[in-house]
Amino acid sequence: MRYLVLILSICALSIPAQGQALRQTKGDYEDKFRQLEEDFPTPNESRLASGAPGPDYWQQQVDYKISVELDEAARRLTGSETIRYTNNSPHTLTYLWLQLDQNRFTPESMDNLTRTSTDDGFIAYYNIRRAGALEDLDGGYKISNVRAVRGGAALNHTIRDTNMRIDLPRPLKPGDTFEFALDFNFNMYDTGVIGGRAGYECFDEEDEDGNCIFLGAQWFPRLHAYSDYEGWHNKPFLGSGEFTLEFGDYEVEITVPSDHIVSATGELQNERAVLTAEQRARLNTARDTEGEITFIVSPEEARANEEDVSTDSKTWVFEAENVRDFAFASSRKFIWDAMNVEQINSGGEDVLAMSFYPNEAEPLWSAYSTKSIAHTIEVYSRFSFPYPYPTSQSVNGPVGGMEYPMITFNGPRPVKDDDGNLTYSSRTKHGLITVIIHEVGHNYFPMIVNSDERQWTWMDEGINSFLQFVAEKEWDEDYPSRSGEARSITEYMKSEFQVPIMTQSDSIIQFGNNAYNKPSVALNILRETIMGRDAFDTAFEEFSRNWKFKRPAPSDFFRSMEEGSGIDLDWFWRGWFYTTDHVDISLDNVTRGSLNTGNPEIENVRQREERAGEPLSLTVERNRNLPKAVDTDPSLRDFYNEYDEFSFGQGDIDSFERSSAALEDWERAARDSTDNFYYLTFSNKGGLVMPLIVEMTYADGDTEILRIPAEIWRRNSKTVTKLVVSEREIVSIELDPRWETADTDRSNNAFPRQIQPSRLENFQRGPRPNLMDRLDFKVEPTGLTVFAQEQAEESDEDSDDVEASDTED
Amino acid sequence: MMLKLLTRKTSLFLCVLMLLVGINTPAQAHRVGIPLTTLEWHEPSESWHLIHKLSSHDFDEVIPEVGDAGLDTREAQEGMARFILSHFNIRGTEDDIRFSYLGAEEDADSFWVYFQLISPDQDIIIENTLVLDQINGDDRRHALVNITAGDAVSTLLFTRDDAAKKARLERPASQR
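Taken in sequence, the protein lines are chains A and B. Take the first sequence: its letters are residues 1 to 809, numbered as in this note's numbering. Take the second sequence: its letters are residues 810 to 985, numbered as in this note's numbering.
Watch out, some of these pointers could steer you wrong.
Some residues of chain A that are not near chain B, with every Cβ distance over 12 Å (derived) [to be verified]: (1) G54; (2) T94; (3) S144; (4) R160; (5) D418; (6) E485; (7) N513.
Below, a sample of chain B positions facing chain A; criterion: calculated Cβ distance under 8 Å [said to hold, decoys possible]: (8) A917; (9) D932; (10) D942; (11) L953; (12) T964; (13) A982; (14) Q984.
No wet-lab data here; the hints were simulated from the structure. These figures come from a predicted structure and were not determined experimentally. Quick reminder that beta carbons are idealized off the backbone N, C-alpha and C, glycines included.
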């Protein structure tokens, strides 16, 4: 027994501890380049270490047959669905989980119950209105008749908030299929009041026609995903984290008033039943026409449709293959245009781009919507894979921007001017193009590269925002986009209260910056500054093609980008995606060094000149007229009073020549170099390590940029010194002169230091300095905010036409 | 005179105004506005700089005065000022806060709106519905306010349901 204990003890001592193999137990060294493999999931034959799907990769298949009817008067959808679930996993399943997203719109939903409030009694009208509307809505699904298709037996099921579990009558073995059906209905909600990603919008103001636009999204019970890395993805829907879904084939019948036009995921199967001969002919024309839209329903026809409300109904039949969701829109207000898109650059099949919008969206939409779809497909397909679906649609309604397979909801519209005419600004125009690029772009990420939106928002929003930026800049080089530029994220990255990009969606603080802009900027920095376009684009395309119609996790993306480019990026993922550090690198100091040749004829002369160049001591200067002891008593003077410390003799010269003779040729050449030596010292104040991009300005006015990879920080992530050898004299140095790295504090980026005015100061100094003052502006929002009396009086004195108020609030 | 100082003895009216201003524009599920406000101590002027950054795309319907001409008109500046003042308010718990609206400018797809505040060190309450109520039902919209004094940054998060926060205005210790 004693031997056994001894052997076990020796074994225990000799086996390295697992899970904390590396620990920094002394000092404050931080290894910013520590590899991420220890944090990533262990690769396996489903997900390879290369970031690609492996030979054992699997995913489930879920096919739907749905019939749904829109009750326009009641604003209710009623439907039934048959779901065929194919278990491609190697596991036997005993239950299924479905998503009931409509259940979020009940007062008792987890989303509503967990909304927090301010503690000082502040409440806004919109919150009161929303709470009242939710009470009145009677929202959420009414589900009935949950049954097996074969035999029709009722299925045990449990509803928990936005989830429903169905217990299978018998275990579903690998490779087997189970078909079941259920009936459902729910009241649609007024999107303008309650929010959300679907609902309806009615034009019922005094001068409007009273008709509505209906958007159907998250409208039928859908299967949760079941994956190799998480099992069931059944986290409840809280409103922010979006959807994780399985691919499948859809056959959907949508019954609507007969004067409605329907846009939906997939392809229309019964044109003859729902379209006029004229409309079918126009649609065929559109299918054959590049670069120019064809109206299937013209603005005039749509306006005429608004006049009479049909009491009949029609059923539109759509089919879609290999999609992860299905959405639709329906209205008698819709104008409908279409245009064929050839995928010349990517080699894909032709796509029918279509837009559906009311007259209220004109003249903006017919000019830009369908053409924005075409532009998106052209750019995104070049960076990833050819668009694989037959249609791509853009619908104007109450939702500002939301994506579904082959169909997107986009909000921007013109506004009425004082004369009642619809006009739009450049801002609205670009807003529309931007949102269409973004939402159509989502067809690639995550509708096809099927990431888990509820878990990792950046994988769809961030990657998509990055490509959106690329597409915007290929629309027009002056396109007013900011979301991809490094400078656009600096204010946010200085924030103290933020979360890493790798944060579960529902816990994200400020989506726009965290999940959209920061990853978009990060990827743009990778492409433009760290990896280079060739390396980035190759790896990115490979990732996209590998995971097309599959389900990547973050580590698959991170690994793919490294594998495809041969560049170690763990430091970048770690810093930008796993921490809340920011970029603030300071160029602390620049020291000019000199080489001591040892030659007294050079060095002593130089030292004498340097000494002569030093300012005279103030004390010596002021004592100049005072009698000195060595002058009044010459006996105090000796050899040292006359000695010149910079003088040299023949002995010094001989000594130098002897040492020179002993040098190798290369040593002598180095000694005789006339180069300038500059020591540049940088400190890392923000935490993120980044490349050092150094612009040197020479005495002759020339500039040169030196790009030092981030690996310079690998042994010391807090401060580094870099030696720069230059034939020419450097007079100034600037760090990150092109604002590439998202450096949040540029006041420490230059040497010698330069005064950096704040943004506000720049504004005051700019071409519109203090416009308010020039205009003698006063602020009187409904008479509540006014100038102080004394200041108003001062303004009166200072200005020639001031009209300052003399009241106080 | 460059600055026109405003005085607020109470923010009651502005609170009411914030409640009254209910702007009903389309939901924006994915055109996520990113309002970010910086309130920064500025030593040379011994004042606080208040800078709002807003996505300009969101504002055509909200501030109709800001049309294609942008912000270079009196009407546009008035519209912007009215909008900000009805959606962002700072109340001092001890003393009035005097502030001036300096103006606004457009840069790419952002509006930058500038104020200057004069306030003693004190506890404050910030009420902020910037972009939170324009876009109905967008659960992804949050507004951030960074209060910066020297190297210290504190960040406040505002949501549709939680749009008022307590904070403290305090100059850096070295400058008190």
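Comparing the hints with the structure gives:
1. Non-interface status of G54(A) relative to chain B is upheld: no Cβ of that chain comes within 12 Å, the nearest being about 33 Å off.
2. Residue placement check: T94(A) keeps its beta carbon more than 12 Å from all beta carbons of chain B (closest about 34 Å).
3. The Cβ of S144(A) sits about 28 Å from the closest Cβ of chain B, beyond the 12 Å cut-off, so the non-interface label holds.
4. For R160(A), the requirement that its beta carbon stay farther than 12 Å from each beta carbon of chain B is met, with the minimum near 20 Å.
5. Listed as a non-interface residue, D418(A) fails to keep its Cβ farther than 12 Å from every Cβ of chain B; the least gap is roughly 9 Å.
6. With a closest Cβ-Cβ approach of about 8 Å to chain B, E485(A) is found to fall inside the 12 Å limit, against its non-interface label.
7. A beta-carbon of chain B is positioned within 12 Å of the beta-carbon of N513(A); the least distance is around 5 Å.
8. Hint status for A917(B): holds, given a least beta-carbon distance of 4 Å to chain A, under 8 Å.
9. Interface hint at D932(B): violated, since its Cβ lies 12 Å from the closest Cβ of chain A, which is beyond the 8 Å cut-off.
10. Interface restraint check for D942(B): the shortest CB-CB distance to chain A comes to about 5 Å, inside 8 Å, so the restraint holds.
11. The interface hint given for L953(B) holds, since its Cβ lies 5 Å from the closest Cβ of chain A, which is under the 8 Å cut-off.
12. Proximity of T964(B) to chain A holds as hinted, the smallest CB-CB distance being about 4 Å (cut-off 8 Å).
13. Because the smallest distance between the Cβ of A982(B) and any Cβ of chain A comes to about 17 Å, over 8 Å, the interface hint for this residue is violated.
14. Using the Cβ-Cβ criterion of 8 Å, the hint placing Q984(B) at the interface with chain A is not satisfied: the shortest such distance is roughly 16 Å.
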